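Go ahead and model the full structure; you've got the sequences and the hints to work with.
Following full-length UniProt numbering from start to finish, the sequence shown increments by one per residue and tops out at 276.
The reader is advised that the hints may include incorrect statements.
Claimed, not checked - Simulated restraints on C-beta separations:
id : residue 1 : residue 2 : range
1  : D96       : T27       : 24 to 34 Å
2  : R148      : R124      : 12 to 22 Å
3  : D184      : V105      : 40 to 50 Å
The hints are simulated quantities; they were obtained by calculation from the structure and are not laboratory data. Note that the coordinates shown come from a computational prediction; the quantities given were computed from them, not determined experimentally. Glycine residues also receive a C-beta, built at the ideal position from the N, C-alpha and C atoms.
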Amino acid sequence: MTSASDVLLSVDGLDVDLPGRTGGRVTVLDDVSFDVPRGRVVGIVGESGSGKTMLLRALMGILPDGADREWRRVLLDGEDVTSSSRRLPAAMVFQDPMTSFNPLVRIGAHLTEVARRFQKVGRRQATALAREALAAVRIPDPGRVLSRYPHELSGGMRQRALIAMALLAQPELLLADEPTTALDATIQAQILALLRTLQAERSLTVLIVTHDLGVVAAVCDDVLVMKDGRFVESGEVDRVFREPRHPYTKELLDAAPDAPAELGAAATGDEGGTHA
1 MTSASDVLLS VDGLDVDLPG RTGGRVTVLD DVSFDVPRGR VVGIVGESGS
51 GKTMLLRALM GILPDGADRE WRRVLLDGED VTSSSRRLPA AMVFQDPMTS
101 FNPLVRIGAH LTEVARRFQK VGRRQATALA REALAAVRIP DPGRVLSRYP
151 HELSGGMRQR ALIAMALLAQ PELLLADEPT TALDATIQAQ ILALLRTLQA
201 ERSLTVLIVT HDLGVVAAVC DDVLVMKDGR FVESGEVDRV FREPRHPYTK
251 ELLDAAPDAP AELGAAATGD EGGTHA
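Below is the structure:
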């Protein structure tokens, strides 16, 4: 059992509802409670529409217009921040980096804006920090990439740049929403290995949403299983995969194909191969 001092974020009784298409309200998260252990990679898995992405957006405070969010209690580092305006020390990596980058703005401008906002530095230092962040995500020749537009980078390179931008916000908690879905298997493995490496290097806590149990097996320490806006099972990955306790977890495991061999490299932090 994780002690209170080892928990970075504890959420109790999170509810989110949205306006219905024909009136009324639709509940998308129903009395959700969970702990995020410090320094761990935690996967959230479940079928499409189960509420996984909405959970990350609720934590970031970027819900759709008309959404209502309520929770009984939120603890950050053991401090009750339920009624506080304090921003969670979190940054988010989205599924499609093209939706996060303005196609008319160079990569460097995106990154330096984040560095200046969150680290309170001038333009010159922000540029240096942006270059360092790109190097940290294993992008070759980061100075050249700073001058590129998003469409001039491959999908894998754009995702690396998006991770670099998230790091410039200096998060303790990195939220990743299906960060490899749009990538081929080889690049998936590289990005997953990168996330795991960054977590270790920077003592990050990572919360990753995925529908792919292979991703959970490759990089996660713990897993939360979500169905219909609620968590039905949680625990260390090895235990949940070996001895699932909820029927829905068993269904997911029974339906899952074998994890692609390429993902196995991510489990050991192997970032070999060509960057893309």
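We went through each hint and held it up to the structure:
1. D96 <-> T27: 24 to 34 Å: The hint (24 to 34 Å, Cβ to Cβ) holds, given that D96 and T27 are roughly 27 Å apart.
2. R148 <-> R124: 12 to 22 Å: Check passed, 20 Å falls within 12 to 22 Å.
3. D184 <-> V105: 40 to 50 Å: 27 Å, violated
Violated hints amount to a single one, hint 3; each of the other numbered hints is respected by the structure.
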